[in-house]
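Number 7 in my numbering belongs to position 7 of the sequence shown; there are no gaps in the numbering.
Since the hints were made in silico from the structure, they are not lab data.
Just so you know, not all the hints are guaranteed correct.
[What the hints assert, rightly or not] SDA-like cross-link-like pairs, simulated, lysine to any residue; straight-line CA separation at most 25 Å: (1) K79 to D31; (2) K12 to F70; (3) K228 to E316; (4) K2 to P280; (5) K117 to A34; (6) K263 to G220; (7) K59 to H130; (8) K117 to G220; (9) K59 to K2; (10) K12 to N45; (11) K153 to E194; (12) K228 to R290; (13) K12 to G220; (14) K117 to V147; (15) K59 to P98; (16) K229 to G265; (17) K228 to E293; (18) K59 to K12; (19) K263 to R290; (20) K153 to R290; (21) K79 to W215; (22) K79 to V149; (23) K2 to V81; (24) K2 to W215; (25) K228 to P280; (26) K153 to P280; (27) K117 to H100; (28) K72 to L40; (29) K229 to A193; (30) K79 to G67; (31) K12 to L106; (32) K79 to L148; (33) K229 to N22.
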Amino acid sequence: MKYTQLGRTGLKVSRLVLGTMNFGPQTDEADSHAIMDAALDAGINFFDTANVYGWGENKGRTEEIIGNWFAKSAAHRDKVVLATKVYGNMAADGDAWPNHDKLSALNIRRAVDASLKRLQTDHIDVYQFHHVDRRTPFEEIWQAIDVLVQQGKILYVGSSNFPGYKIAQANEIAARRGGTIGLVSEQCLYNLAERRAEMEVIPAAQEYGLGVIPWSPLHGGLLGGVIKKEVEGGRRASGRAADSLANTTIRAQIQAYEDLLDKHGVEPGEAALAWLLTRPGVTGPIVGPRTAEQLESAIRAAELELSDELLAGLDEIFPGPGPSPEAFAW
1 MKYTQLGRTG
11 LKVSRLVLGT
21 MNFGPQTDEA
31 DSHAIMDAAL
41 DAGINFFDTA
51 NVYGWGENKG
61 RTEEIIGNWF
71 AKSAAHRDKV
81 VLATKVYGNM
91 AADGDAWPNH
101 DKLSALNIRR
111 AVDASLKRLQ
121 TDHIDVYQFH
131 HVDRRTPFEE
141 IWQAIDVLVQ
151 QGKILYVGSS
161 NFPGYKIAQA
171 NEIAARRGGT
181 IGLVSEQCLY
191 NLAERRAEME
201 VIPAAQEYGL
211 GVIPWSPLHG
221 GLLGGVIKKE
231 VEGGRRASGR
241 AADSLANTTI
251 RAQIQAYEDL
261 LDKHGVEPGE
271 AALAWLLTRP
281 GVTGPIVGPR
291 TAEQLESAIR
301 AAELELSDEL
311 LAGLDEIFPG
321 PGPSPEAFAW
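All chains should be built: construct the whole structure from the sequences, respecting the hints.
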């Protein structure tokens, strides 16, 4: 496994990030632990979760599964760079009170302590804002974060789903406060089929020294060989992939993508991950395996070298917006 620095920090993380959103809702605890064992054995040291994962009445369940895995061995926690998130409402459905979500100092304090308890650890390596809070000023947010850093409960701070201007605003206010490291990473929707992040988010992240962590690298399965699976095994697409394939233009685009990769003898899902690893500013994509086999495929992708001819072909099928600001200025 290859490693890189997380943004401008000295923190070394793997080029693949283990996403845990399926732990609990789709993958039971025993299989989740087996996947984490296999990820660690393969050298993946960057694990990502969120306090709301588990969803619905099971919010927090994913953190609990990870916490139980940490409890099995001190070596697990020692080797893992742990990232979780705050923003979503953690109250029981129908029982939400005004300060049970978002990024007020009160909720940040409450949420980090609850996550630490579920995760069975004394600190979180990268604490991430899951979404923009338009009503809480960054002065308040950074004051709350500074206290948590001083207490040793968190080490670094990242964002998720932030537009470029909010990345800039957050880090400019952090710089004015002095002594606050500011955002060091940004999780954003980014893949071959969805490249709008190249317009503003990724340039802002690079300018301010944030590592970019793409989520949904296969775009809900659309880039994972969905047409081939449909033809060969009768397995029909579902969710976002099915909605996209209903559009004849998108279906033709995905067919061209799968044909190109078949010509080069490369699996679609592995190519989509490998492409992200070639992109400027990208620390590593989040892979969210439901099974050990899916994890093995992601690990192969980390070692895959894409030829210049193949990269050019992918750009032709999925053209990006172009450099910013030229892409929208003229």
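**Report entry** Numbers of the earlier hints that this structure fails to satisfy, in rising order
**Finding:** Failing hints, ascending: 8, 9, 11, 13, 18, 19, 20, 25, 26, 31.
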